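> In case you want the letters, here they are:
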Amino acid sequence: MFTQLWQDHKASIVALGALVVLAMASVVEIPETEQAVVIRLGDPVRVINGYKPNVDFGETGAGLSLRIPFLERLQRIDKRLLTIDMDPQEVLSTDQLRLEVDAYARFRIVDPEKVVRKAGNVERVKEQLQPILTSVLRQELGKRTFQSLLTADRGAAMRNIRDGLDREAREYGAQVVDVRIKRADLPAAALESAFQRMNAAREQEATTIRARGEKNAQITRAGAEAEAARTYAEAYGKDPAFYDFYRAMQSYDATFSNTSNRGSSTILMSPDNEYLRQFKGR
Amino acid sequence: MAGGRSPWGGGNRGGDGESDSGQEQPEGEAGDGSEPEPPRGPRNPWLPPGDSPPRRSANIEDIFRHRDHRRSHGSGGGGMPRLPQRPGGKSWFPLIVGAIVLLWIGITSVHMVGPKESGIVTTFGRYSHTIGPGVSMTFPWPIQSVKLIDITIQRDTIPEGETEKLMLTSDQNLVDFSYLVRWFVKNPERFEFELDDPRATVVQVAEAAMRASVAEVPLVDVIGGAGRAQIEQNTRDRMQKILDAYQSGVKIQGVEIKKADPPAKVNAAFQQVTAAQQDAERMQSEARAWAQQVIARSQGDAAAFDKVYAQYKLAPEVTKRRMYYETMERVLSNNDKVIIEAKGVTPYLPLQEVRRNTEQKTTTEGGQ
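These protein sequence lines map, in sequence, to chains A and B.
Residue 2 is where the first sequence starts when you use the numbering used here, and the numbers rise one by one after that.
Residue 13 is where the second sequence starts when you use the numbering used here, and the numbers rise one by one after that.
Simulated from the structure, these hints should not be mistaken for laboratory data.
There are no misleading hints in this set.
Taking beta-carbon pairs under 10 Å as the criterion, some of the chain A residues facing chain B (in silico):
hint: 1; residue: R213
hint: 2; residue: K239
hint: 3; residue: D240
Values in this document were obtained by computation on a predicted structure and should not be read as measured data.
Glycine included, every Cβ here is placed at the ideal spot set by N, Cα and C.
Based on the sequences and whatever the hints tell you, model everything.
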């Protein structure tokens, strides 16, 4: 059957086949995640599915597109948000403290034609941008103190680094969306001294806490004593003379009539003693 | 169906062993060299009965013999020699192609989406729509394809494992830290199309946001818990802001601090602080107890004095004398007493020693 068909329609089958090949060569499929630069004889002529901000998926130009077969070549460029991951860097702050910084940058290719002209492909753009990121970061962080890197100025530093990197990246058709410090740590050498400092601070805190405890205890005691004194004064102040007598009696009792050391004292008495007044029979 | 026309346009002869057309093979016909049986009636209404040798389905030997025969006689000549011919000299090829195409369409155009999934439909790479849970139909591949995205809540613990991870706090101290991020894909097409590695991005953003948030809070609050809620909230807000700026389609459900401890190397010092706190607490409570005691005694003493004083007021002279005598009685009865007549005379005899000895004897004898 096929033999017959082949014999009869040789020319048309060849023509059909050629047509199919031609059709397939002239239709290209671009996914949502890619933009494609059409290169005609080595010269980038147009972009398919190029990045445009705020365009919904499905309306960006992805899907099937036409090209002139054999004459036009397609270079695919990633359209997504891409990452440059920096190797951890030691950065010296203005107060001569070392900080190990690990940062990343997110960028997007906004001008794929430029990428093709200047760098060739996205990988090479990344390779170009990575050292720039490192140097911009060093430069920017080197202007600040250690403490400000930790908190207040961090956001501002990040913005400056992003803008600095973005200026360079535009040359390659890339837009830097964001730069973030992932980690800002003390390097291993500084870690030890940080631990020592922490230990010392804790010890100091412990001492302070103890001292404060003692102080509070003292205050409590003194307060109680004052309160007691007030109570006594209130009561005894009514008749100081009687208090003197009353307290003396108590004191004698406590000192001399203690049953536990019975007979430990010898009292020498003169017959003139008040107690022996009646001895004389007066 | 016996004797019927197959939907593929051919007769039912020569099924290649599958009896694909549903024709039953008569018993006793398996052997190829057997005597031809009388035909059982027309099998094929398009062929007159009995004008040919009795029909039967080709079995596998037939196929091969036929082929051998063909090959040995060299009469095949092009075409498709591997398959037996269908009646009418047509090839099986379209049939098989048709079946494959049908199967293909069936497999690639019906999609089961699980309850916790979303399917992104692309037409030649271009985003078309998103399908929800259930069974959906699309055009077959390569026209449309479906990518399933898990939209359940994901949990990422950072760092993974039990390693110590140190973070700097606002007072330049270090804290051993680990936390959990819960997130889910809110917008599947963005998640799929916007980022080159969305999962890694979430983790990186979490790192950046968490460190920035911890660096705002002093160590004591990080460890003590006073700043934890604030750190969690700040990290969550920061992450969401960054991820929204990336148009990542990710929603942060929550951030939880799992561990915020002093580093192992300074743990002892931190325990000292705890010990000191307990010491201070103890000292203060002791002081409070003592204070209560002192105050209570003063009040007791004062009350006692007041009582006595009230009595004294009623009859001052008598009461005073009574108290005096009573006290002296107690005092003198418990002590040795020596009464010396002359003034300025000191007794040289150790009288008291003698008396004490005797007295001690009497007390021990008395069983006191």
